[in-house]
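Residue numbers (the numbering used here), protein chains in the order written: chain A, 1 to 226; chain B, 1001 to 1226; chain C, 2001 to 2214; chain D, 3001 to 3214.
Errors might be hidden in some of the hints.
Far from chain D by the CB rule (all over 10 Å, computed), these chain A residues [claimed, not checked]:
no., residue
1, Val6
2, Glu38
3, Gly44
4, Ala93
5, Arg111
6, Gly114
7, Gly133
8, Pro143
9, Asp153
10, Glu161
11, Arg164
12, Glu197
13, Ile201
14, Pro209
Computed Cβ-Cβ distance ranges for the label pairs, DEER-style [stated by the list, open to error]:
no., chain 1, residue 1, chain 2, residue 2, range
15, A, Arg137, B, Pro1143, 13 to 23 Å
16, B, Pro1143, C, Arg2041, 36 to 46 Å
17, B, Phe1139, A, Asp138, 53 to 63 Å
18, B, Arg1080, C, Arg2041, 43 to 53 Å
19, D, Pro3154, B, Ile1195, 58 to 68 Å
20, C, Gly2020, D, Ala3011, 52 to 62 Å
21, D, Arg3186, B, Gly1141, 17 to 27 Å
22, D, Leu3199, A, Lys73, 20 to 30 Å
23, D, Arg3186, A, Gly94, 47 to 57 Å
24, A, Thr85, C, Gly2020, 40 to 50 Å
25, A, Gly69, B, Ile1195, 50 to 60 Å
These are calculated hints, taken from the structure and not from any lab test. Built from N, CA and C at the ideal position, the CB exists for glycine as well.
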Amino acid sequence: MINKIVQSIAEALSGIKDGSTVLMGGFGAVGQPDELIEGLIEQGAKDLTVVANNAGAGRVGLAKLMEMGRVRKIICSFPRSAGSTVFEELYRAGKLELEIVPQGTLAERMRAAGAGIPAFFTPTAAGTKLAQGKEARDFNGRPHILELALPGDVALVEAWEADRWGNLTYREGGRNFNPVMAMAATLTVAQTHHIRELGDIAPDNVHTPGIYVQRVVQVARGAPWN
Amino acid sequence: MINKIVQSIAEALSGIKDGSTVLMGGFGAVGQPDELIEGLIEQGAKDLTVVANNAGAGRVGLAKLMEMGRVRKIICSFPRSAGSTVFEELYRAGKLELEIVPQGTLAERMRAAGAGIPAFFTPTAAGTKLAQGKEARDFNGRPHILELALPGDVALVEAWEADRWGNLTYREGGRNFNPVMAMAATLTVAQTHHIRELGDIAPDNVHTPGIYVQRVVQVARGAPWN
Amino acid sequence: MSSFTRQQMAARVADDIPEGWFVNLGIGIPTMVADYVPMDREVILHSENGILGMGPAPAPDKVNAWLVNAGKQPVTLRPGGSFFHHADSFGMIRGGHIDLCVLGAFEVAENGDIANWATSENDSAPAVGGAMDLAAGAKRLWVVMDHTTKDGRPKLVETCGYPLTAHGAVQRIYTNLAVIDVVRGRGFVVREIVPGMSLADLQAKTGAVLHTDS
Amino acid sequence: MSSFTRQQMAARVADDIPEGWFVNLGIGIPTMVADYVPMDREVILHSENGILGMGPAPAPDKVNAWLVNAGKQPVTLRPGGSFFHHADSFGMIRGGHIDLCVLGAFEVAENGDIANWATSENDSAPAVGGAMDLAAGAKRLWVVMDHTTKDGRPKLVETCGYPLTAHGAVQRIYTNLAVIDVVRGRGFVVREIVPGMSLADLQAKTGAVLHTDS
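The shape of chain A in the complex, shown without the other chains (with noise of 0.2 Å):
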């Protein structure tokens, strides 16, 4: 029997190495898999290269993960924002490298590297300080830069519901960049606010098919920010 759901978070996380790249879900708080990232802290990997939206907030999670001085790399399409002085205490310091993307970019470079395109076009950000260094092409009389996937060794999300197959179904806006996170991992680990019974999650409404998931952790906290 197929059984994914494991029974506690250090067992989901187990076997991360050091020198990861390590892709972490959600937008701002919402569907972000906090449990999972204080694990990591717990779990001990290091050289980490982390993929994410933001570059952290405060002094917990993927900022106290950079802290500690685990976190070699980031990238994201945002790292300033309200509460990220880690980031940039860091980064000042020369402490921490950084790749800015712009947010679609980002998506689309991790759905190419969960659908197995290698490289793709785009005209986001032809032309500028961000195409620098990138092949360049006109298509359709408009200039376009090239793009690479960008895979992840580990992923880790935040569903709704999850099933022992690994099916996920996300909440609202949650879902944002978890699905293309899931995709994108050799290792995808889940934490689930619901563990249903296989059959329970409408075939017609899995949002993450469990392809892309290999462990499950039951976390049943409340809404974001709590």
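With the hints as your guide, set chains B, C and D onto chain A.
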């Protein structure tokens, strides 16, 4: 008040011009917008390029459209199948242009058109006859070819439910090519089994958001093949 | 001399949005535009984080923590709204399905170039977010911003000095002093000026030639 | 001299599929493989047309017209199954998420090249379907086919004569006479031969050198 629901097949198909590229949803009979295709026969547009997985069967629908000499070119993955005699006759007689595309590349080229990606690299078909004339490049030590987006002027799709904003759901295996075709066309016309009040399709479970749909017409027919 | 308030600027933009458009509103004054579109004129608001059909901000006791806009403020969902993932959301933007995007900007050039994400070439950790995707992908890009910087320098210019967000993307600019179209091959064309201001006064606060249709 | 039946070939493949694999089965004998995987060994079957978790064929009076496999035959859905669109479905295939694909073939070469879609270079309207996506994208590609053509020509060859489906993609071949691995840098390595047949007999029906591990 936005209302994309029209009252007749003729109204749903009005304005389709000669020379259009028409994307036709469905996989075999499942999810195939039969009434819209029959309506296109009535509508009269000619010199069409049709994109579909197959090249028609029997002497109805797409096969009939071809037999009437209205189709200039077929872009598909699997032209020869049980009952594809009209295609074979026309093709052998040199009266029909054919572009064979691997099924996954076909779907991805339409998704790319919908998502603003003019071209992407794929390993599918690299080094084969279907790579002839295409740009080749290695990624991660493996040969890939460059495939171009495939946009449509018109998409004909079959939905299960629709509302006046054009939000759609599909039933089971009836989803197949329909969502990517809806994304890829300038004018997407959906025939639907059911019309729902706005808000009655759960927002977490909309399969094609209304942004991709311009016209909806109810065709309360039975299951595929009926 | 009077100038439009932020509220008036937002209302002015709202006036120009017809029913049925899919619209993405940036952070700041653009977000306020939603408050000035009457509910019976159905305009479908898109948010980068995977939402179509956003409604107004909820009452404080009705906040749904799962429903935030791109600025991470609480919002509501109208009947007919839907959720989808980030790549699908940006597919809508990048695929040219969004009828209109309204953004703030540091500068707009007379050829439609926009700079709104980095304040200097040396700003090595700027936050781009979805601005480049929106500027490159939306069918129309309108900018809402003050006509000049706080210290009086023009924000409508011949050539942007700040790092670009996108080339030739802006079609219209709503400032606290005027509504100005960006016309390809022609440059800035004044459509409206705040009451009591002359074209010459406006020109004096603008870093490129202003044209009129009259 | 005996040979494996189609049923035996399908059953032999099924024996090698462990629980938990995501598997795509091509048309013909590959489809039959599903019948030989016991229901309590959970193997999740994928179909190109947007289905994960296919179950066995339904009884004739239980057919669901909305549920067909890639060969357009009626199937069922197991609890835990799901539906998605064609680009997402081929994303699974092309993105390397399918553990195993089993296909028929016209020819397999000792370097793993497979030809299974067009019967001549002059066949200008061949039907490729999803074969090239599957051959290029699945983690493993196994082929099930007769060892020779109906007129006795070998289908395991040094170099494919028919147009290729993919280069170097095949890992294992199940024929009516043998189970043969394709080992990179070595070629065909025989794992099993039908009872009563010698290696020399098998070699005589094979168009390239057969190796053994012994």
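Hint check:
The non-interface label for A/Val6 is consistent with chain D: the shortest C-beta to C-beta separation is roughly 15 Å, beyond 10 Å. Under the 10 Å C-beta cut-off, the non-interface status given to A/Glu38 relative to chain D holds; the minimum distance is some 29 Å. The beta carbon of A/Gly44 is kept farther than 10 Å from every beta carbon of chain D, the shortest such distance being approximately 28 Å. Every CB of chain D is more than 10 Å from the CB of A/Ala93 (nearest about 38 Å), matching its label as outside the interface.
Not every beta carbon of chain D lies more than 10 Å from that of A/Arg111, the smallest distance being close to 8 Å; the non-interface claim is violated. At the 10 Å boundary, the C-beta of A/Gly114 falls inside the reach of chain D, the nearest C-beta of that chain being 5 Å off. Taking the minimum C-beta to C-beta distance to chain D, about 26 Å, the non-interface status of A/Gly133 holds against the 10 Å cut. With a minimum CB-CB distance of about 26 Å to chain D, A/Pro143 clears the 10 Å threshold, and the non-interface call stands.
A cut-off of 10 Å between C-beta atoms confirms that A/Asp153 is not in contact with chain D; the least separation is 14 Å. Non-interface status of A/Glu161 relative to chain D is upheld: no Cβ of that chain comes within 10 Å, the nearest being about 13 Å off. Some Cβ of chain D comes within 10 Å of the Cβ of A/Arg164; the nearest lies about 8 Å off, and the non-interface call is violated. Not every beta carbon of chain D lies more than 10 Å from that of A/Glu197, the smallest distance being close to 8 Å; the non-interface claim is violated.
Non-interface status of A/Ile201 relative to chain D is broken: a Cβ of that chain comes within 10 Å, the nearest being about 8 Å off. Some Cβ of chain D comes within 10 Å of the Cβ of A/Pro209; the nearest lies about 5 Å off, and the non-interface call is violated. Between A/Arg137 and B/Pro1143, the C-beta spacing of about 20 Å keeps the proposed range 13 to 23 Å intact. A beta carbon spacing of about 53 Å between B/Pro1143 and C/Arg2041 contradicts the range 36 to 46 Å that was offered as a hint.
Here the CB-CB span from B/Phe1139 to A/Asp138 is close to 22 Å, at odds with the stated 53 to 63 Å. The supplied range of 43 to 53 Å is met by B/Arg1080 and C/Arg2041, whose beta-carbon atoms lie about 52 Å from each other. The given range of 58 to 68 Å is respected by D/Pro3154 and B/Ile1195, whose C-beta atoms sit roughly 59 Å from each other. In this structure the supplied range 52 to 62 Å holds for C/Gly2020 paired with D/Ala3011, their Cβ-Cβ distance being about 59 Å.
Checked against the hint of 17 to 27 Å, the C-beta distance between D/Arg3186 and B/Gly1141 comes to roughly 20 Å, which is consistent with it. A C-beta distance of roughly 55 Å is found between D/Leu3199 and A/Lys73, which places it outside the suggested range of 20 to 30 Å. Taking the beta carbon of each, D/Arg3186 and A/Gly94 are about 50 Å apart, inside 47 to 57 Å as hinted. Checked against the hint of 40 to 50 Å, the C-beta distance between A/Thr85 and C/Gly2020 comes to roughly 44 Å, which is consistent with it.
In this structure, A/Gly69 and B/Ile1195 meet the distance hint of 50 to 60 Å, their C-beta atoms being roughly 58 Å apart.
Checked against the numbered hints above, the structure violates hints 5, 6, 11, 12, 13, 14, 16, 17 and 22; every other hint is satisfied.
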